[in-house]
Amino acid sequence: MLKAVILIGGPQKGTRFRPLSFEVPKPLFPVAGVPMLQHHIEACAKVRNMKEIILIGFYQPNEELNRFIASAQQEFKLSIRYLQEFAALGTGGGIYHFRDQILSGGPSAFFLMNADVCSEFPLQDMLSFHHQRGNSHCGVILGTTVLHFVEKPSTFVSDIINCGIYLFTPEIFAHIGTVDEPPGGRQLQELIRLEQDVFTMLAAQKQLYVYKTQHFWSQIKSAGRLYLNRYNETHPERLARNQDGGPKIIGNVYIHQTANIDSTAVLGPNVSIGKGVIIGTGVRVRESIILHGATLQDHCCVLNSIVGWDSTVGKWARVEGTPSDPNPNDPFAKIDSETLFRDGGLTPSITILGCNVNIPSEVIIRNSIVLPHKDLNRSFKNQIIL
Amino acid sequence: MRRGQIRGTDHTIMEDKWYSLATDDPYERADVTSPRPPVWILDETRHVYIKENLFKVKPGVVLPVVPDAAVHRRCFRLQFHFHFTLSHLCRMKALILVGGYGTRLRPLTLSVPKPLVEFCNKPILLHQVEALVKAGVSHVILAVSYMSDLLEREMKAQEQRLGIKISLSHEKEPLGTAGPLALARELFTDSAEPFFVLNSDVICDFPFEDMLKFHKNHGKEGTIVVTKVEEPSKYGVVVYEGETGRIHRFVEKPQVFVSNKINAGMYIFNPSMLKRIQLRPTSIEKEIFPVMAEEGQLYAMELQGFWMDIGQPKDFLTGMCMYLQSVRQNTPERLRTGPGFIGNVLVQFIIQDPTAVIGENCTIGPNVTIGAGVVLEDGVRIKRCTVLRGAHIRSHSWLESCIVGWSSSVGQWVRMENVTVLGEDVIVSDELYINGANVLPHKSITDSVPEPRIIM
Ligand SMILES: Nc1nc2c(ncn2[C@@H]2O[C@H](COP(=O)(O)OP(=O)(O)OP(=O)(O)O)[C@@H](O)[C@H]2O)c(=O)[nH]1
Ligand SMILES: Nc1nc2c(ncn2[C@@H]2O[C@H](COP(=O)(O)OP(=O)(O)OP(=O)(O)O)[C@@H](O)[C@H]2O)c(=O)[nH]1
Ligand SMILES: [Mg+2]
Ligand SMILES: [Mg+2]
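Just so you know, the sequences run in chain order A and B.
Anchor point for the first sequence: position 67 equals 67 in the UniProt record's numbering, and the numbering is continuous, going up by one each time.
Anchor point for the second sequence: position 362 equals 362 in the UniProt record's numbering, and the numbering is continuous, going up by one each time.
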């Protein structure tokens, strides 16, 4: 039997998402129309013998997370549980702390994944690869080759990048337990970082294999686009089609069935429209996420942006970001929070409107982040608007 | 409507109604059928209206006999109101300086010489020439140096329409603002009548009649019109005696306040002043005026109402707003109103051409001029813009403070602002943001221009 563990982090993670993670835990942020985590869970549910999914993080238990877990359990007929760390224990510390829970029922192996990666999740392939390699190892890392490094350079595999998706046998915990045990025992507050503290050691002992995939993976920023594209095979019903009396659809677009969209609007490519969104005459949306309850008034134009819950964009307003990937065709590209500022200014990136933000008519909001509940009264460029 | 009644005898108007100016004279008939009949409308107090080929006079007014119908039209109203004699007025001349390169109005002036760039749907030069004609000028001399062919052709066409003589004075090298007067000297010395001199790029309610009166009144060699500015330290100012207008001196960019009046680029001179000017490149402002002022021969007349030097895009747009406001006050019927129109909007109407086409759900204004054959698709929002002939703005775009060049095309959901100037036949792709760009003619723009710059 198999299990899966998803590291969902906690409230102080995900700085660039801040105006949005105020409202919803980042793992529940909708990507391509469904909560980010649902993509992981869908992939796990397809693996034979999967018995349980454990979410580990340091969010306070909250209603939204509970609701999500309950409905996912129903939908996928799987046990899904949330285990809360008392503090951030690091990517290795969390699983170590909850090792008894993970091993209960005696899984032969378990997957571990970061919540904030997006992938086709070739879990079944990783499993076969693991079996082919026999019993002499305790883990498989999903890795992929990149032509140039944009993520953190990997210290132990030169041209292979770690995707943040692993398969471990229970022996992994024995190894984590021996990590640099300081004399006198590990302080509880000290994080155990899987990538740096554990893998380096395991690699030296030839206990780790890398399963190389050509399938995409990416940080969450470009995930929407990749998942939307995957829907052509996995969930064609989630993609909007051009229909009489409906808006013009270009490329991959997700529209929630309750959204109200004028037939003269033009949407896509790579657009997700959430629940109850209202879109007026002659509105243009490209490469953007419109979260539930938002209103886009007539003739406005939204490009490379996220419009927060219940926000309003006025007539002829332009809300525009800059695609944050250095190369929009490069799924591995990532903008880290460290690059939020450069040369004293906000680096051009997607524009994010927090929840319940009001953009007046005819202004432009460009490469900016607007924190929640803000009524703007003029144009802004390259700014964080508190 | 009575035909042919004006000629031959003095005619006393009995009824308050429209009379036709059409006569049996073939020239007149040609004029009546011409697609752009003269439109001269005088206000209430002046008693006479001439509109297209019709005129209307307060009952009891006596129309004088005049030798020629074209002259007649120009002169008879002046008789009533300014008490000048016909012979006097019909001999007046004006020289307009049109020889500059207009570099500051590029990219528009790369396609068309500055005097022919349409300001509020009419070539800049025509604003001036028509005002001169109204004031009784019968001979306009254009001092040209470059691109004069186009100018010549265009102005020949206007000669007939306006019933005046237009000559070109070609200079081989640019002669500055005074030299052209020396070149055209003979044209002004055949009588003792004063003549007008104008810069070709100023716009205002041209005060030519007042200038003539003021000038005759002081009896000296020259009068320049001055206008008030807010920041005199940025200009050359004119210091003069408030009572009489006699100019004491000129001060370049004064650091302490001496005056807030600047040269408005409109002058009237006696022919005797021409002896001061040599046939060589000379600046009238720097080399001639100071000497005339010194000798007590130069007077300043203060301009009433708006004034703008429209020689650069930013001022062109400001001047447009001022001009439209004066249209609002004087001839509001020329402005377009109705749902979707806000404030002062001027839409070109030419009888043979289709009017500009304006789609649904557009909001236009305040302060917009739209040239002939322009197409605005659905949901376009424009304010404070000049859209020149044949331009096409596609749906849902938003434009503020722009000049859209002839036959240019702006895509859908484009946002264009901050004194963006598109030259002739520029194409802007869909969904771009254009901030303060200066785009040379025949360019296609496929990327946003987020900060002001020149697109070669
Ligand atoms: N439960 C738990 N999850 C964590 C912890 N630290 C990181 N994670 C999660 O592990 C995954 C990978 O973490 P990192 O890439 O190190 O950090 P991050 O949150 O992505 O932050 P960035 O540095 O902005 O990338 C993410 O899904 C995190 O939410 C932790 O202490 N506890
Ligand atoms: N005939 C003639 N007119 C001139 C000459 N230089 C300037 N002008 C005119 O004098 C007036 C005032 O000149 P400016 O305001 O400098 O205009 P400009 O030189 O056309 O335009 P810029 O290149 O932008 O300075 C304009 O009507 C010009 O056409 C010249 O050398 N010869
Ligand atoms: Mg991360
Ligand atoms: Mg000049």
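By construction, these hints were calculated from the structure, which means they are not laboratory data.
Treat the hints with care, as some may be off.
[As the list claims (entries may be wrong)] Facing chain B, from chain A, some residues (calculated, C-beta under 8 Å):
(1) GLY282
(2) ARG284
(3) GLU287
(4) HIS299
(5) LEU303
(6) TRP316
(7) ILE364
[As the list claims (entries may be wrong)] Calculated lysine to any residue pairs in the SDA-like style (CA-CA distance at most 25 Å, straight line):
(8) LYS248/A x GLU451/B
(9) LYS374/A x PRO360/A
(10) LYS383/B x LYS248/A
(11) LYS286/B x ILE358/B
(12) LYS381/A x GLU451/B
(13) LYS248/A x GLY236/B
[As the list claims (entries may be wrong)] To spell it out: a stretch of chain B is covered by chain A in this simulated footprint if at least three of its residues, at any positions, have a beta carbon under 8 Å from a beta carbon of chain A; those stretches are:
(14) 378 to 385
(15) 391 to 399
Quick reminder that beta carbons are idealized off the backbone N, C-alpha and C, glycines included.
Can you confirm whether chain A covers the segment 378 to 385 of chain B, using C-beta to C-beta distances below 8 Å and requiring at least three such residues? Holds, because 3 residues of the segment 378 to 385 of chain B bring their Cβ atoms closer than 8 Å to Cβ atoms of chain A.
Would the hint on LEU303/A stand, with a C-beta cut-off of 8 Å toward chain B? Holds: closest Cβ of chain B sits about 7 Å from LEU303/A, inside 8 Å.
Is the interface hint satisfied for ILE364/A? The criterion is a beta-carbon contact with chain B at less than 8 Å. 6 Å, holds
Hint check, GLU287/A versus chain B [nearest Cβ-Cβ separation less than 8 Å]: With a minimum Cβ separation of about 11 Å from chain B (threshold 8 Å), the hint on GLU287/A is violated.
Within the assertion that chain A covers the segment 391 to 399 of chain B, do at least three residues meet a Cβ-to-Cβ distance smaller than 8 Å? That given contact holds, which follows from 3 residues of the segment 391 to 399 of chain B lying within Cβ reach (below 8 Å) of chain A.
So, as I understand it, the hint says TRP316/A touches chain B; can you test that by seeing if any CB pair is closer than 8 Å? Holds, about 5 Å.
Let me know if the C-beta of HIS299/A comes in closer than 8 Å to any C-beta of chain B, holds or violated. Where the cut-off is 8 Å and the nearest Cβ of chain B is about 4 Å from HIS299/A, the hint holds.
Does GLU451/B lie within 25 Å of LYS381/A when you go C-alpha to C-alpha? 11 Å, holds
Would you check the hint for LYS286/B and ILE358/B, treating anything up to 25 Å between C-alpha atoms as holding? 48 Å, violated
Hint consistency between LYS248/A and GLY236/B [alpha-carbon to alpha-carbon, up to 25 Å]: 58 Å, violated
Next pair to validate is LYS383/B with LYS248/A; report whether the Cα-Cα distance is within 25 Å. 28 Å, violated
Quick check on the hint: ARG284/A CB to chain B CB, less than 8 Å? This hint holds: ARG284/A lies near chain B, its Cβ roughly 5 Å from the closest one there, short of 8 Å.
Hint compliance for this structure: hints 3, 8, 10, 11, 13 are not met, and every other hint is.
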